[in-house]
Amino acid sequence: MGEIVSLEALAGAVRDGTKIAVPTDYSGVAMAATAAIIAAGPKNIHLVCVPASGMQADMLIGAGVVGTVETSAVTLGESGGAPRFMEAVRDGAVRIMDATCPAVHSGIIAAEKGVPFLPIRGIIGSDLLAARPDWKVIDNPFAPGDRIVVVPAIEPDVALFHAPVADRFGNVLIGRRRELASMAYAARRTFVTVERIVDHSLFTGEKDAAAVLPALYVDRIAVAERGAYPYALWDEYPVDGAEIARYAKMARTKEGFAAYMETFRPGKARAA
Amino acid sequence: MNAPVLTREIMIHTIAVLLDGVRHVAVGASSPIPAAAAMLRRALNERQDRERVRISVLGSQEHNFFTNGGVELFDCAAQGRVDAFFLGGGQIDGQANINLVGSGEYPKSDVRWPGCFGSAFLYFVVPRVILFREEHSPRVFVDKVDFVSAPGTSEPGVYRPGGPHALLTGKALFSFDKTRRRFMLRSTHGGADAAEVRANTGFEYDLAPDVGPTPGPDAATLALLRGRVTDELAETYPHFAQELAAERKAA
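Top to bottom, those sequences are chains R and S. The first sequence: position 6 = 6 (the working numbering), numbered continuously. If you want the working numbering, it's the position in the second sequence, counting the first as 1, plus 1000.
Honestly, the hints are just simulated from the structure, not real lab data. From a predicted model like this one, the values you see are computed outputs, not experimental measurements.
The calculated DSS-like cross-link candidates involving lysine-lysine, where the alpha carbons are at most 25 angstroms apart (straight line), are:
| hint | chain 1 | residue 1 | chain 2 | residue 2 |
| --- | --- | --- | --- | --- |
| 1 | S | Lys1108 | R | Lys249 |
| 2 | R | Lys43 | R | Lys254 |
| 3 | R | Lys254 | S | Lys1108 |
| 4 | R | Lys136 | S | Lys1108 |
| 5 | R | Lys19 | S | Lys1108 |
| 6 | R | Lys43 | S | Lys1108 |
A few chain S residues that don't get close to chain R, going by computed Cβ distances all over 10 angstroms:
| hint | residue |
| --- | --- |
| 7 | Arg1054 |
| 8 | Gly1191 |
| 9 | Ala1195 |
C-beta atoms are modelled at their ideal positions from N, C-alpha and C, and glycine is treated no differently.
Can you make the complete structure from the sequences, with help from the hints?
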């Protein structure tokens, strides 16, 4: 557990059909690992965005490695729509499992708890119910007549995210990004890229321990400096909005996307 | 400082008025105008020595006190601790149904939008949901949405403490009557009058007896908006804060 490997070895463990869970834009997006996964070229992965994604999902879809995308949204934020995602959904090139944010969290938390489903308020009357036949409406067993949606547990094969620090024992600092812990609990295996690995244990006291994901839940760690770039990494570096805007513009066409990906080397190129 | 009041400033002020009385307002991703309005409400309450307003801006490090991960906003709303939230949509219809998924047949939409985000949940549990969409056109305000991301109202028996409170666009302010399932035009702005709003709205609605111009901020409120609020906004929405400043200069 908590084995320290190369970025390529980490990415190589994402294989054809792997169900992979990734966090949202501001929670530590493993962009360097995304480039490495695209280079390895698995097919038909099932991407679970917890609960939404941006450039990472758009790139994986544009590169043709995604078979299914399960998400509440894919967007480039201030830079507009996610072009490769929108085109692939419109053309039916990927299977879309539209969700709503708390339903994705509920599915992950159900897996975290080892239960088959969780109930969730809302949703009734939305066309999502027809789009998601795996979601059911049941009668509240404790208050008959109270109808409530239940969503099945989401058990990813792999949870993948980027964090500032791991220690050499495999413990990872996640701060207050508790969804990263939920993803790790829910997933069979968790892969983390980090800015750096330190020699001292991250468990130095109660104050720090609360912000640490223990090595028990972490399978592979690779160092990728500026590994979330162009997304932000909390307390480390801000988002590079101009770079996301540049991607948004280029990715409008397949050719522009291919040209962008030729030079996409997060963490190495374009240091701040 | 003496630039005339911008339409966007009228909108920010209008939302701040709609937020009167809230204790906790949450703002989603990519929502600079609602975020500015929430910050203005907070500043106004401080100035008037009234109840403290808490703001959670998703994606912000500074204006976000949640510590339990991405699910906390939804849990917080489910507990009844979020008084107001904002939703938009690629399409919004006269029954306040919203569509954030795409136009045309689902799933191979003619135009695909990002997705539902938290709408299919928050619209149900947040008491004061303000629908906000700057573009006011017949392609946005349709008779019936192509996909219901979240319904405006629910049948009896469906748990629904929350729902639409008002609709604000670049041209108009509407209120919503949950019983009649209809909007009512209250006032207009952005150079539009009631006839222009009528021409650009694809659904039927009622008219308030006294449809006039949407009131703008007074001088002191405008100063707060142009000073402190714009500075606070720059942390999460640097691009938008710069745009506002440039618009003021050009005006």
